[in-house]
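Asker: Protein chains in written order, with our numbering: chain A, 73 to 411; chain B, 73 to 411; chain C, 73 to 411; chain D, 73 to 411.
Bear in mind the hints are in silico, worked out from the structure with no lab data behind them.
Just so it is clear, the structure is predicted and the values come from calculations on it, not from any experiment.
Keep in mind that a hint or two might mislead.
Any copy will do: because identical chains look the same in the list, a pair fits if it lies in one copy or spans two.
[To be verified] No more than 30 Å apart at the CA atoms, straight line, and that leaves these computed lysine-lysine pairs for DSBU-like:
(1) K326 x K151
(2) K303 x K151
(3) K306 x K169
(4) K249 x K394
(5) K177 x K129
(6) K129 x K326
(7) K230 x K94
(8) K230 x K303
(9) K168 x K326
(10) K151 x K168
(11) K132 x K402
(12) K326 x K249
(13) K177 x K132
(14) K132 x K394
(15) K169 x K129
(16) K132 x K326
(17) K302 x K177
(18) K177 x K230
(19) K299 x K94
(20) K177 x K206
(21) K230 x K302
(22) K230 x K299
(23) K94 x K206
(24) K129 x K299
(25) K94 x K303
(26) K177 x K249
(27) K129 x K302
(28) K132 x K299
Protein chains: 4
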Amino acid sequence: MPARIAVNGFGTIGKRVARAVKLQDDMELVGVTKTRPTYEASIANREGMPLYTLDEKQMKVMEEQGFRVEGVLQDLLTKVDLVVDCSPNGVGEENKKLYEEAGVKAIFQGGEEHGIAGLSFNAFSSYDLAQGRKWARVVSCNTTGLIRTLYPLDRMFKVEEAFAAIVRRGADPAEAKGSALNAVEPSLHLPTHHGTDVRTVLPGLNISTMAVKVPTTNMHVHCIHAKLRKKGVKTSDVLSLWDQMPRIRFVSGKHGIRTSGQIMEIARDLGRHSGDFAETIVWEDGTHIDGESLYYYQAVHQESDVIPENIDCIRSMMEMEKDASRSIRKTDRSLGIGK
Amino acid sequence: MPARIAVNGFGTIGKRVARAVKLQDDMELVGVTKTRPTYEASIANREGMPLYTLDEKQMKVMEEQGFRVEGVLQDLLTKVDLVVDCSPNGVGEENKKLYEEAGVKAIFQGGEEHGIAGLSFNAFSSYDLAQGRKWARVVSCNTTGLIRTLYPLDRMFKVEEAFAAIVRRGADPAEAKGSALNAVEPSLHLPTHHGTDVRTVLPGLNISTMAVKVPTTNMHVHCIHAKLRKKGVKTSDVLSLWDQMPRIRFVSGKHGIRTSGQIMEIARDLGRHSGDFAETIVWEDGTHIDGESLYYYQAVHQESDVIPENIDCIRSMMEMEKDASRSIRKTDRSLGIGK
Amino acid sequence: MPARIAVNGFGTIGKRVARAVKLQDDMELVGVTKTRPTYEASIANREGMPLYTLDEKQMKVMEEQGFRVEGVLQDLLTKVDLVVDCSPNGVGEENKKLYEEAGVKAIFQGGEEHGIAGLSFNAFSSYDLAQGRKWARVVSCNTTGLIRTLYPLDRMFKVEEAFAAIVRRGADPAEAKGSALNAVEPSLHLPTHHGTDVRTVLPGLNISTMAVKVPTTNMHVHCIHAKLRKKGVKTSDVLSLWDQMPRIRFVSGKHGIRTSGQIMEIARDLGRHSGDFAETIVWEDGTHIDGESLYYYQAVHQESDVIPENIDCIRSMMEMEKDASRSIRKTDRSLGIGK
Amino acid sequence: MPARIAVNGFGTIGKRVARAVKLQDDMELVGVTKTRPTYEASIANREGMPLYTLDEKQMKVMEEQGFRVEGVLQDLLTKVDLVVDCSPNGVGEENKKLYEEAGVKAIFQGGEEHGIAGLSFNAFSSYDLAQGRKWARVVSCNTTGLIRTLYPLDRMFKVEEAFAAIVRRGADPAEAKGSALNAVEPSLHLPTHHGTDVRTVLPGLNISTMAVKVPTTNMHVHCIHAKLRKKGVKTSDVLSLWDQMPRIRFVSGKHGIRTSGQIMEIARDLGRHSGDFAETIVWEDGTHIDGESLYYYQAVHQESDVIPENIDCIRSMMEMEKDASRSIRKTDRSLGIGK
C-alpha cells in the first residue's frame, strides 16, 4: 500500500513537493491545503490534487469562487500517514500540535528551527537516521546545496575548515516585490545562519558563511573556500569524487555556460518541469586546488533543490526503503534528475 | 508521407521550431544545422536531431570535439521539402540562393526583410495566401503578438487607428550580455519598425509604434491604444471576441497575476516545455473601452510566440491542410497550447 | 523680509525642497520635521536645518539618540508663513487641519488629491492662479513632466489629443524593497490616473495614459503620441518651441545619449547636487512628426523634477513675485538648472 | 611652481582624475585627451579643460564638429611634468614609449600589468616608495578597497591569511551594454587576479580571492574572511583601528544603511560631485570576530575610489611632499573626503 501523503501549504515548495509525490509509485497524494482562492488554488484543481482549506470559513470563500474543495485540514489529516509541512516560515510549531493530535508524521522545511523535529535531513548524510522517525526537517535550499558537495569532500578528504560566501537571489520569479533594485544587500548578522544550519546536519563540520542578496530571481551562487586535511589532493580528484555522487551536476565555462541564467537554460532545454534544476550545479572549470585550499563555485536552484530530499525523507520515515542509494536513485529517476 | 523539414540555425528560435516539428504527425525533422561545437550543438545530439554543419571544416571541428555530425547543409537540403531558416538576422538573403539551387521551399523569420519572401505570415490572416508558396516569412514576436489581437478587432469592429508602446525585454534569459542595467533605452528611429512590420501582414491597418528596452529577460509588454470605428462597443464585447480566438489567453490582476514574471510562472505551472508561453497574453482587467478608445495591455513571450506560426506556415506552404482553423487546432493540440 | 518656510516630512522630496529653499535669497528655511531617529534625521542635523518632530514622545526618542531637536511641529508652525507638506501620501488631509489652526499657508504634493488644495500647480501654467492663495498642490513628477512639454504644444499648435505610455522606475535608488525583479507590471486600472492628474492643471487637454513599472531606479520614460490640430507643423518647429522653454532639455542619441542611465550621467557630470536632473529631458532625435501625429520620448527624474515647481509655488502664494518667468529664472539660477 | 599634469584618456576614471587635479593648489591641469567627438569631449570643453587628441586626423574631425581642440598628445607632453594614463586597458605599454620619448613621468592604472611601472601604488603603503619615481601604477578599485582595510589589519594584528569573495557590479551606470541580466557570473579562472594584484602592493600578504558579477551598476561588495595571528583581538579593536585611518568610512544597518544603494545615497546627500564615494565603506555591524577569524563586509565605489590615490601618487613622484599622511590629508580635504 502506498504511503498516504498530505502537503500542508501549496506555494513555491508545496506545489513542487505535491507534484513529486504524485510521480512516486510508492506514495499517494491524498490532498493539499490552501488558505485563499488564489491562482495557486486553481493549480491544485487543474492538476487534480484534492484541495483542502484550514477551516470552514476559508472553505466557504473558496467554494463561492468556484473552487472544488474537499474539506478542511483536520479531515485531511485523518486520511494520511505523513504530512509535508510547507506552510510559511514560523508557523510550523503551531501546526505540529495538530499533527500530533492527528497522530501523523510530519516533515518540516528549512524555515523552521532544527528543534521542531530534532533531526535535520539531507539524503546523503541523514537517510539512515530518519528511518521510522515521527518528525524530520528538510534543510533549506542553500544548506542542502552546501551539504551536497561538502559532505563527500569531508568523508573522503576531511574538511579542515570551510567558508562560503553565498550570493542569494533577491526574489523568486513570480514575487510581486523584489529585493532592492540595483543594489547588493549583505546579511549583517555574522556569521550568517547558513553555516550553523549546515551543522544541524553535519555537526562536526567547521564551516562559516557570509551572504549577500542581489537583484536576480534565479539561483543562489556559492563561492566556497575549503581546506582539506588530506595532502596532495588534486582538482581532478575532487571532480571525480563529485562525479560519482547523485544530485551534483557539472557545467563548464568552456562549453559556454558562464552564468546562472545559462544554467537555468539547460534545465529548460532538458524539458524539466517548471524549468527546475534540483541538482547542485558545480562549475568544473571553476573548481581549483591550490595546496590545501580548494576553491569552487556552485549554483543552487532555490525553488527545487530540496524537492527530492523531501521525497527521500518520506521514504525513510515511512520505512519504505532501507537503503539511501536506492531511494535516491528511485526519486531521481521519477523526477528526471540525472547526468 | 510526412513533409520533410530542415531547420537551418539552431538557436533560441531554431531549437523550438525543431522540437515543434518533431511533435507533428504530418512532418519529419530531417536535420538541423549548427556552425560551432557549442552547448546548443549538444542539445541536438541529446535530443536525437540529426546535426549538420554549414561546411566540411566546421564538421571536422565538431567531430573532433565528439559531436555526431551527419553532413553539411548541402547534403541536408537534398533530403528535405522545406527549410525553416532560423539563422541570425540578415544572412537569410545569402541562404535563399542555396535553397533556390536545391529546389526547396523556405520559411524565413522576422529578422529578414519582407521582400525576401514577398509574403509575411500570420496564421490568422495569411494562411490561405501561403498555400503552395515557395517562400514565406513568419513575422517577429512583437509583430505576431500585435496581429493576434488587432486582426480580430479590425475584422469585427474596424480599427480606425492603433498606437502601441512596446516595452521590450532587454535580453533573453541565457544571453551573456544584457541591455543597459538599471536604465530604459528608447528606440529613437520613429515611428519604430514594429508598426511597419504589422502592415506587411495587415496592409490596411493604420498603426504606429514606439518602443523602449528595459532590463528584463522575460516577455515584451505592449500598451495599446486603438480607436474603433464601430460605435458602442463595450469592453465585454472585445473580451468575448478575443475569447473565441485561439492563441489569445487572459490573465487577471484580480487573480493575482500582475506582472510579466507571474505570467511566466503560469507557463511553468502548466508544465510547458522550457516554461514557454506561445499565446499572446491579455490582461482581462487591463482592457478598457472609453468611448471609441480601447486600451489594453498584453504580454508576448519573445522566445516562443512565433513557433506555432512556423508550423502552420509549413502546413500551408506544403498544401497539407486547406483550412487555417484546422491547422491551428492541430498545431496547438500538439504543442499543449490551449485555454 | 524673507518668506519663512517649514518642510513637514524630510524624505526624498522633503530634503530636496528644504535644500532648495535654503538656496533662495528671498526665503528662509525655519525648520524640517522627521518622526524617527533615522539616517535622514542625521542629514538635517549635519546640514544645519533646524529639526522638529511631530510630538514630544518622538522628540524624546530622538534626543536620547543624540539628535539635536528644536521642538515639535506645533512650535514650528508658529514661526513660519508657509509649510511645504512632504509627508507620506494620504496624510495631507489630517495635516491640513493643523496648518489651518496655525494659520499658515501650505503646499501639498502630488500624492494628495486635487481637492485638498483646489489648485494643482505647475509653474508654466498656474503661476498666476496661485498668487496669494492659501493652499496649492504641486503635481507629481510624471504629471509635471507631461505638462512641461504638452502645455507649450497645446498653446502653440493645439493638441487635439494626447496619449502617453509611462514606463515607471520601480523604486528609488535607496529603497530597501524594489518592484518585481525581472518583470514588467502594468497599472491595470485604466486609463491610469496620470492623464486625469494632468487635467487638474490643464483642464481642457484631451489626454489618456497607460503605465508600466520596470525594475530600474532612475527616471520615468514617457512614450508620447500627440495629435496637433494645427496643420503643417514640422519636427523642427516643435523642437524650436521647446528650446525656448525653461526646464526642458534636449539630449541626442547621435551624441551617444541613448539610455536613461546616460542622461543621469550628464547630471552627475554637471555637478548637480545628488546627481539630480530637475528638467524634463527630451530626445531630440526621438521626436518625430508624421502628418498630424507627433511622437516623442522624454525622461523625468522622479526625485527632483518637482523641486523647482515647489519653489515657484511658494513665491506665487507668498506674492513675492508677480511674473512667472522671473520666478522661474530666479529659481533655476539658484538651483543650477539651465541649458 | 605647481606640477604640470596631463590626463591621457578622458573616460570614467580620466575625467575624475582631471577634476581632482584641478582642485589641487600644487598642481595644474595642462590638458586632457580624447580621441572622438563624443559627449565626454564636450565635458572637457564645458569644464574648461584644454582638450587634445591623439593625432591630427582626430583633431580635424573634432574641430569640424565644433569642439575646441588645443593640439595633439605630442604637443601636450612637451608642456607637462607627469601624465596620468587613463587610456583603455592594455594600451599603456604603447603609450609608455611616447612618455619615455617626451621625458615625462607617468602613472598607469590598474588595468595595466604591474611590470609596466615596477611599482604598484597605494597611498597607505607605497607613498614613500614612489618618491621621485618615473613610473608608477595605481592599482584597481577592488585592489585599492582591499588594501585600505587589510593593510592596517596586517600591520597591527598580522593577517595570517585572508579570503575575499568579490561581488562585482555588472556595468557602470552609463554603459550601453550591461552584464547578463537576471544572472550571476563567476570569474572562473581561479583564484581570481584580485588577490595576486593585492600582492603587487603588499607582497607578503597571504590572500586569495573569488569573484562574481551581478546585474547592478553601483559598488563592488566584498565578503572578507581574515585570520589574525594576534590573539584576543576584539571586534571593537578592529573598528577602532579602522576608525583612525583616512579613507575608511563606517555605515551601519542599525541606522538604516543596509544596501549598497543606500550607501550611494549618502554620497548624494553629502553633495559629493557625481555622487561619488572615494572611501572604502565598511559595515560597522557587518564586522565580527569569532576566535581568530574576522569577518567583514565592505563596499567600494568602482568609479571613484582610486581618484585620491592618483593625486597622492603624483605628489610623491613629483617629490612635492615627503610625508604620506600630509599628502593624504591635503588630497582628502580638497576632494571633500572625510568622516
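Asker: How would you label the pair K303, K151 (within, between, both, or neither) given a Cα cut-off of 30 Å?
Answerer: Answer is neither: 55 Å inside a copy and 59 Å across each miss the 30 Å cutoff.
Asker: At 30 Å max between alpha carbons, let me know whether K230 reaches K303 within a copy, between copies, both or neither.
Answerer: both (10 Å within a copy, 26 Å between copies)
Asker: How would you label the pair K177, K129 (within, between, both, or neither) given a Cα cut-off of 30 Å?
Answerer: Within one copy only: 26 Å inside a chain, 51 Å across chains, cut-off 30 Å.
Asker: Could you figure out if K168 and K326 sit no more than 30 Å apart (CA to CA) within one copy, between two copies, both or neither?
Answerer: neither (49 Å within a copy, 33 Å between copies)
Asker: When Cα atoms must be at most 30 Å apart, do K299 and K94 count as within-copy, between-copy, both, or neither?
Answerer: Cα proximity of K299 and K94: none, with 41 Å in one copy and 50 Å across.
Asker: As a check of your reading, is K177 near K132 (CA-CA no more than 30 Å) within one copy, between copies, both or neither?
Answerer: So K177 and K132 pass the 30 Å test inside one copy only (28 Å; across, 53 Å).
Asker: At most 30 Å between alpha carbons: which applies to K132 and K326, within, between, both or neither?
Answerer: So K132 and K326 pass the 30 Å test across copies only (19 Å; inside, 57 Å).
Asker: I want to check one pair: K230 and K299. Are their C-alpha atoms no more than 30 Å apart within a copy, between two copies, both, or neither?
Answerer: This pair counts as both: shortest intra-copy Cα distance 9 Å, inter-copy 21 Å.
Asker: Should K302 paired with K177 be assigned to within, between, both, or neither, using CA atoms and 30 Å as the limit?
Answerer: Neither way: K302 and K177 sit 41 Å apart in one copy and 51 Å across, limit 30 Å.
Asker: Cα distance capped at 30 Å. Does K129 pair with K302 within a copy, between copies, both, or neither?
Answerer: neither (61 Å within a copy, 47 Å between copies)
Asker: With identical chains, the pair K177 and K206 could be close in the same copy or across copies; at 30 Å between alpha carbons, which is it: within, between, both, or neither?
Answerer: For K177 and K206, the Cα distance is within 30 Å only inside one copy (5 Å; across copies 66 Å).
Asker: How would you label the pair K230, K94 (within, between, both, or neither) given a Cα cut-off of 30 Å?
Answerer: neither (39 Å within a copy, 49 Å between copies)
Going down the numbered hints, you'll see the structure goes against 1, 2, 3, 4, 7, 9, 11, 14, 17, 18, 19, 24, 25, 26, 27, 28, while the others check out.
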